[in-house]
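Asks: With the hints as constraints, model all of the structure from the sequences given.
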Amino acid sequence: MVDKLFSDSRLAALYDLYCPWDARGDFTFYLPLVMSARSVLDVGCGTGALLRRAREDGHAGRLCGLDPALGMLEVARTRPDIEWILGDLAAAPDWDRDFDLAVMTGHAFQQLLSDDELRLALTAIAAALTDEGSFVFETRNPLVREWEDWHVRYSGEVVD
1 MVDKLFSDSR
11 LAALYDLYCP
21 WDARGDFTFY
31 LPLVMSARSV
41 LDVGCGTGAL
51 LRRAREDGHA
61 GRLCGLDPAL
71 GMLEVARTRP
81 DIEWILGDLA
91 AAPDWDRDFD
101 LAVMTGHAFQ
111 QLLSDDELRL
121 ALTAIAAALT
131 DEGSFVFETR
141 NPLVREWEDW
151 HVRYSGEVVD
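Counting from 1, position 69 in the sequence shown corresponds to residue 69 in the working numbering; the numbering is continuous, with no gaps.
Check the hints yourself; a few may be wrong.
Computed Cβ-Cβ distance ranges for the label pairs, DEER-style [what the hints assert, rightly or not]: (1) Thr-130 <-> Cys-19: 29 to 35 Å; (2) Leu-70 <-> Leu-113: 17 to 23 Å; (3) Tyr-18 <-> Ser-134: 25 to 31 Å; (4) Glu-83 <-> Val-159: 33 to 39 Å; (5) Ala-60 <-> Ser-9: 25 to 31 Å; (6) Leu-122 <-> Leu-17: 30 to 36 Å; (7) Gly-87 <-> Gly-61: 20 to 26 Å.
Everything labelled a hint here was simulated from the structure, so no lab data went into it. Note that the Cβ used here is the ideal one computed from N, Cα and C, for glycine as well.
Replies: This is how it looks when you write it as structure tokens:
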């Protein structure tokens, strides 16, 4: 089930405000990988910030973002020179070795909760990757205990 925050385009538009590029250490890791790949699949792309930055920085190859939240994709689609697909890996197109790189940034990977979901996702990603392709992802380390200062980092006032 898609979180209401991510399905409403007005709320999704706030996502990049609360998770700005320069505060995301993961993007500084992923961007060079994306820039060096001819074709990239971003699974759980959200607002498409990573792919949009790659295009702005001169990536001329195929960039494709997949996300199950319509609101997030409506924000992402402000950049029409990137493929944006509504859905998840269970309903993804039948890619056949189309991508050199697949990424799941942030904590998208931890949305896969069951063994069946993991198996389906990894099978779909493997089918989408070329023989030399790479899948790069991350997940939250509970020992870091990031939630302890969320009330400070993610608080603010928004007036519409």
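Asks: Does each hint hold? Answer for all of them.
Replies: Checked hints:
no.	hint	result
1	Thr-130 <-> Cys-19: 29 to 35 Å	30 Å, holds
2	Leu-70 <-> Leu-113: 17 to 23 Å	21 Å, holds
3	Tyr-18 <-> Ser-134: 25 to 31 Å	29 Å, holds
4	Glu-83 <-> Val-159: 33 to 39 Å	35 Å, holds
5	Ala-60 <-> Ser-9: 25 to 31 Å	29 Å, holds
6	Leu-122 <-> Leu-17: 30 to 36 Å	33 Å, holds
7	Gly-87 <-> Gly-61: 20 to 26 Å	22 Å, holds
When each numbered hint is compared with the structure, no violation occurs for any of them.
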